[in-house]
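Asks: The residues making up each chain are set out below.
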Amino acid sequence: MLKKLWTHYFIPQERNNYRASILKPNFLLLLLVAYLLNQSAIKTLTIAKPGILGYSSEITAQKVFDQTNIERQKDELSPLIYSETLSKSAKAKAQDMFANDYWSHNSPQGKTPWTFFDAVGYKYSVAGENLAKDFPDTDSLMKAWMASPTHKANIVHTRYQEIGIAVVNGTIGGIKTTLVVQHFGTPLGASITSKNTIPQPSEEVVQSSNILGKTNQPLISPLTLSKIFGSVIFIGLAIVLFVDGFVTVKKNVHRFTGSTVGHISFLIFIFLLMLYNQQGSIF
Amino acid sequence: MIIPKEVKQKPLEYLTLFFSLIIGFCGYLFVDSSQAKRWIIYSIGIIYFCWSLYHHYKRGDLQLSIVVEYLIIILLGIVFISGTLF
Numbered sequence: 001m002l003k004k005l006w007t008h009y010f011i012p013q014e015r016n017n018y019r020a021s022i023l024k025p026n027f028l029l030l031l032l033v034a035y036l037l038n039q040s041a042i043k044t045l046t047i048a049k050p051g052i053l054g055y056s057s058e059i060t061a062q063k064v065f066d067q068t069n070i071e072r073q074k075d076e077l078s079p080l081i082y083s084e085t086l087s088k089s090a091k092a093k094a095q096d097m098f099a100n101d102y103w104s105h106n107s108p109q110g111k112t113p114w115t116f117f118d119a120v121g122y123k124y125s126v127a128g129e130n131l132a133k134d135f136p137d138t139d140s141l142m143k144a145w146m147a148s149p150t151h152k153a154n155i156v157h158t159r160y161q162e163i164g165i166a167v168v169n170g171t172i173g174g175i176k177t178t179l180v181v182q183h184f185g186t187p188l189g190a191s192i193t194s195k196n197t198i199p200q201p202s203e204e205v206v207q208s209s210n211i212l213g214k215t216n217q218p219l220i221s222p223l224t225l226s227k228i229f230g231s232v233i234f235i236g237l238a239i240v241l242f243v244d245g246f247v248t249v250k251k252n253v254h255r256f257t258g259s260t261v262g263h264i265s266f267l268i269f270i271f272l273l274m275l276y277n278q279q280g281s282i283f
Numbered sequence: 001m002i003i004p005k006e007v008k009q010k011p012l013e014y015l016t017l018f019f020s021l022i023i024g025f026c027g028y029l030f031v032d033s034s035q036a037k038r039w040i041i042y043s044i045g046i047i048y049f050c051w052s053l054y055h056h057y058k059r060g061d062l063q064l065s066i067v068v069e070y071l072i073i074i075l076l077g078i079v080f081i082s083g084t085l086f
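Going down the list, the sequences are from chains A and B. Under my numbering, think of the first position of the first sequence as 1, with each following residue one higher. Under my numbering, think of the first position of the second sequence as 1, with each following residue one higher.
One chain only, chain A, in its complex shape:
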């Protein structure tokens, strides 16, 4: 009985008009609804039980600082000096985003990045801000920033002399995450120097700065949940389509259905995109 049911849904045969029932529009629609329900359940969980889902991170301010200067050195630019004051403004920005539950350069209350520079008393001639969240490690974070022209422009800006970095854990939109804030600046009145004339930053200063460390608590990533559920559906569909194509070619059956090769190609395309999608968001 179970075998009969199984073959009816997954193997093309005379009883199901040589089309696996799971590939028929009504079952495909059911799969679509199931996936949407899974997405709704994830969203509901973030509202009902905030902090259960989230992104673990191994990012530290030290690593971000080091890699920022490595990127600058590649362009033969002078390394940035670590600024405690800028770190305080970066930390204040991250805490403000968590407190007011937003993800943007400007807060819903109208605060701009410059509000935080001013609040810590940093007088600047030129300044900038890079934001990132949900990244698992510093490498993927730096790769994303360097791939974005506007973020890269901040990292390799010739006029910046100092940098402050905050790596802060918290909850945004019900999802635990690690926010990384980079504040760049040149103090007002400081001479704008060009290549390789600024001294190397002190390691002690960097290590005693606001490094909040990594998220120790194991978290369930909502992105991983979506990917797992979607992958199960897509791999299942692809296998059934392969079997469907094989059986119908073998039995030389002609049916009025969509192209099996077309469907498999499209599903492989979607699956490859899903594999390429990286965790993390920059602003």
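No lab work stands behind these hints: they were computed from the structure. Treat the hints with caution; some may be incorrect.
Straight-line Cα separation of at most 25 Å, DSS-like style, residue types lysine-lysine; simulated pairs [unchecked claim]:
#  : chain 1 : residue 1 : chain 2 : residue 2
1  : A       : Lys250    : A       : Lys3
2  : A       : Lys4      : A       : Lys227
3  : B       : Lys8      : A       : Lys251
4  : B       : Lys58     : B       : Lys10
5  : A       : Lys63     : A       : Lys152
6  : A       : Lys251    : B       : Lys5
7  : A       : Lys152    : A       : Lys123
8  : A       : Lys251    : A       : Lys24
9  : A       : Lys49     : A       : Lys63
10 : B       : Lys10     : A       : Lys227
11 : B       : Lys5      : A       : Lys250
12 : B       : Lys58     : B       : Lys8
13 : A       : Lys251    : B       : Lys10
14 : A       : Lys24     : A       : Lys4
15 : A       : Lys152    : A       : Lys111
16 : A       : Lys251    : B       : Lys58
17 : A       : Lys43     : A       : Lys24
18 : B       : Lys5      : A       : Lys24
19 : A       : Lys250    : A       : Lys24
20 : A       : Lys49     : A       : Lys227
21 : A       : Lys24     : A       : Lys227
22 : A       : Lys49     : B       : Lys58
23 : B       : Lys8      : A       : Lys250
24 : A       : Lys74     : A       : Lys123
25 : A       : Lys3      : A       : Lys251
26 : A       : Lys251    : A       : Lys43
27 : A       : Lys24     : A       : Lys3
Given the structure is predicted, the values throughout are model-derived calculations rather than measurements.
Knowing the structure of chain A, use the given hints to seat chain B on it.
Replies: Just chain B now, with coordinates in the frame of chain A:
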């Protein structure tokens, strides 16, 4: 290499589809913003739908059930990938 019968019968149609999917994939890897990525996915979905209409029209079996089947497969793909886009 085993080439499916339906591909052998209409090689140009399938080559067009494969080429579109590969171009779409390369474009997806190349662009930076989530917005642009979404547009590429929507565009590929529309291209696949148009391809299916042409393919089945030429084959002489363009029926509502087939159109619905393509629409649901495309919708499933778009919803799935949009859900994993940050």
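Asks: Work down the list of hints and note, for each, if the structure agrees.
Replies: To see whether the hints hold, each was checked on the structure:
1. A:Lys250 to A:Lys3: Satisfied, since the Cα-Cα distance of roughly 22 Å is no more than 25 Å.
2. A:Lys4 to A:Lys227: violated, 31 Å
3. B:Lys8 to A:Lys251: Roughly 18 Å between the alpha carbons, so the hint for B:Lys8 and A:Lys251 holds.
4. B:Lys58 to B:Lys10: Holds, because 10 Å separates the two Cα atoms, which is no more than 25 Å.
5. A:Lys63 to A:Lys152: holds, 17 Å
6. A:Lys251 to B:Lys5: Roughly 13 Å between the alpha carbons, so the hint for A:Lys251 and B:Lys5 holds.
7. A:Lys152 to A:Lys123: Between A:Lys152 and A:Lys123 the Cα gap is close to 23 Å, so the pair holds against 25 Å.
8. A:Lys251 to A:Lys24: holds, 20 Å
9. A:Lys49 to A:Lys63: Violated - the C-alpha atoms of A:Lys63 and A:Lys49 are around 32 Å apart, more than 25 Å.
10. B:Lys10 to A:Lys227: violated, 34 Å
11. B:Lys5 to A:Lys250: holds, 11 Å
12. B:Lys58 to B:Lys8: This hinted pair holds, its Cα atoms lying about 15 Å apart.
13. A:Lys251 to B:Lys10: Holds, at roughly 20 Å.
14. A:Lys24 to A:Lys4: This hinted pair holds, its Cα atoms lying about 18 Å apart.
15. A:Lys152 to A:Lys111: holds, 24 Å
16. A:Lys251 to B:Lys58: holds, 24 Å
17. A:Lys43 to A:Lys24: Distance of about 29 Å is beyond 25 Å: violated.
18. B:Lys5 to A:Lys24: Judged against 25 Å, a Cα distance of about 22 Å means the pair holds.
19. A:Lys250 to A:Lys24: Holds, at roughly 20 Å.
20. A:Lys49 to A:Lys227: holds, 21 Å
21. A:Lys24 to A:Lys227: holds, 24 Å
22. A:Lys49 to B:Lys58: violated, 53 Å
23. B:Lys8 to A:Lys250: holds, 16 Å
24. A:Lys74 to A:Lys123: violated, 29 Å
25. A:Lys3 to A:Lys251: holds, 21 Å
26. A:Lys251 to A:Lys43: violated, 46 Å
27. A:Lys24 to A:Lys3: holds, 19 Å
The structure is inconsistent with the numbered hints 2, 9, 10, 17, 22, 24, 26, although it conforms to all the rest.
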